[in-house]
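Visitor: Chain residues, written in single-letter form:
Number of protein chains: 2
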Amino acid sequence: MVGYPPYLKKIQDLTGGKEIIATGMTHEVERCRMALERAAGGAEVALISSGDPGIYGMAGLVIELAKVDGIEVPIEVIPGVTAAAAAAAKIGAPLMVDFAVISLSDRLVPWETIRTRLEAAAAADFVAALYNPRSRERVAQLDEAVAIFRRHRPPATPVGIATAVGTGTERIVVTDLERLLDFAIDMQTIVIVGNSSSKLIGKWFVTARGYTV
Amino acid sequence: MVGYPPYLKKIQDLTGGKEIIATGMTHEVERCRMALERAAGGAEVALISSGDPGIYGMAGLVIELAKVDGIEVPIEVIPGVTAAAAAAAKIGAPLMVDFAVISLSDRLVPWETIRTRLEAAAAADFVAALYNPRSRERVAQLDEAVAIFRRHRPPATPVGIATAVGTGTERIVVTDLERLLDFAIDMQTIVIVGNSSSKLIGKWFVTARGYTV
Numbered sequence: 000m001v002g003y004p005p006y007l008k009k010i011q012d013l014t015g016g017k018e019i020i021a022t023g024m025t026h027e028v029e030r031c032r033m034a035l036e037r038a039a040g041g042a043e044v045a046l047i048s049s050g051d052p053g054i055y056g057m058a059g060l061v062i063e064l065a066k067v068d069g070i071e072v073p074i075e076v077i078p079g080v081t082a083a084a085a086a087a088a089k090i091g092a093p094l095m096v097d098f099a100v101i102s103l104s105d106r107l108v109p110w111e112t113i114r115t116r117l118e119a120a121a122a123a124d125f126v127a128a129l130y131n132p133r134s135r136e137r138v139a140q141l142d143e144a145v146a147i148f149r150r151h152r153p154p155a156t157p158v159g160i161a162t163a164v165g166t167g168t169e170r171i172v173v174t175d176l177e178r179l180l181d182f183a184i185d186m187q188t189i190v191i192v193g194n195s196s197s198k199l200i201g202k203w204f205v206t207a208r209g210y211t212v
Numbered sequence: 000m001v002g003y004p005p006y007l008k009k010i011q012d013l014t015g016g017k018e019i020i021a022t023g024m025t026h027e028v029e030r031c032r033m034a035l036e037r038a039a040g041g042a043e044v045a046l047i048s049s050g051d052p053g054i055y056g057m058a059g060l061v062i063e064l065a066k067v068d069g070i071e072v073p074i075e076v077i078p079g080v081t082a083a084a085a086a087a088a089k090i091g092a093p094l095m096v097d098f099a100v101i102s103l104s105d106r107l108v109p110w111e112t113i114r115t116r117l118e119a120a121a122a123a124d125f126v127a128a129l130y131n132p133r134s135r136e137r138v139a140q141l142d143e144a145v146a147i148f149r150r151h152r153p154p155a156t157p158v159g160i161a162t163a164v165g166t167g168t169e170r171i172v173v174t175d176l177e178r179l180l181d182f183a184i185d186m187q188t189i190v191i192v193g194n195s196s197s198k199l200i201g202k203w204f205v206t207a208r209g210y211t212v
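Read top to bottom, the protein sequences are chains P and H.
Just so you know, we're using numbering that gives the first Met the number 0 here: the first sequence kicks off at 0 and counts up by one.
Just so you know, we're using numbering that gives the first Met the number 0 here: the second sequence kicks off at 0 and counts up by one.
By construction, these hints were calculated from the structure, which means they are not laboratory data.
Among the hints, erroneous ones may be present.
You can't tell identical chains apart in this list, so a pair holds if it fits in one copy or across any two.
[To be verified] Straight-line alpha carbon distances no greater than 20 Å define the calculated EDC-like cross-link-like pairs of lysine to aspartate or glutamate that follow:
| # | residue 1 | residue 2 |
| --- | --- | --- |
| 1 | K89 | E36 |
| 2 | K17 | E177 |
| 3 | K17 | D68 |
| 4 | K202 | E143 |
| 5 | K198 | E36 |
| 6 | K202 | D124 |
| 7 | K8 | E75 |
| 8 | K198 | E143 |
| 9 | K202 | D142 |
| 10 | K89 | E71 |
| 11 | K66 | E29 |
| 12 | K17 | E71 |
| 13 | K17 | D185 |
| 14 | K8 | E27 |
| 15 | K89 | E75 |
| 16 | K9 | E71 |
| 17 | K198 | D124 |
| 18 | K9 | D124 |
| 19 | K202 | E27 |
| 20 | K66 | E36 |
| 21 | K89 | D175 |
| 22 | K198 | D175 |
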């Protein structure tokens, strides 16, 4: 079983008795290559991502590297509950209509590209699920994203902030676009910004899909 | 357990011995109200959606109706694997970067709104996951969506077509934007349209996230 140590720790009930290969954050290429090499050697290997491995996870990279390195092993991608869906369920039902999933991390994608997507999503009334909104070193991107949404949407637009969902330190906040930046947000947070049909219903943030109720 | 009959049939192993309330397609409001009424009467009720109940499912409607009808019962939304993630896993790793989720059904949302979102997603280089692409009565929307993407993307752009994923009639096709409309597509299909970093690797459709490989 190959993975980032905190993810392996979360599935300790499944890793007992198995060989564990843990590599640190940002070592994704190395991690995938280790998984492929073991598989090429005949082992049955599980490469662990959190959430869904096909959404900002390891699925694409491992397929790319298998090709580049000429390693022919059977690969199966096992889908999961992506962070936006897990966050949405705690917040209410913010993703009931068309939505855009955008990572604010510019480590692999130019910020200019991300900004264009934020503008497009905001202008076309998509609900937006923002992954990797802020890290210790990277704080300006979320400020700019909020500014973009505020140019297109009223300050009272519902916003959900879900951090470390499903863990012992889970924090769920339902607020609005005006107050979003007042709350603690980090790399374990998903921020969901509502659209023109989003509303607050009691403690819930719901985006109405258009049913007559 | 309350749901659309084909969904209840899929979980027969869980429904044994429980009261079943099945209502037909397009009867979503009625279905949610039945669930709420039973819950208000003291029953523990499961309202079943396929995929993730918070993504084009019943979660939002049931919260809205509880408010409208003045029914105060505890509600929990349990997330699931949404159809786009299940489809993506069979196709390869098409959703590795920012993506837009768009339903082509104009039953609840004006087509003008959907078209604006398709244009925005296509122009901003989002990968796109299209839900409800075509029904027996509704065929023009997919044609128009494809025309929009073809104005922004080359004909060789990878496209995945995943139908009835996880069932006995599952069909997976990896093709391109030029040939997309040559294949069978219906309401059980998810269509995933690649972006500028998408590519075909053997049988897989992968969107490269930007790692140096």
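Visitor: Run the structure past the numbered hints and jot down the numbers of the failing ones, going up.
Guide: 1, 2, 3, 4, 5, 6, 7, 8, 9, 12, 13, 16, 18 and 19
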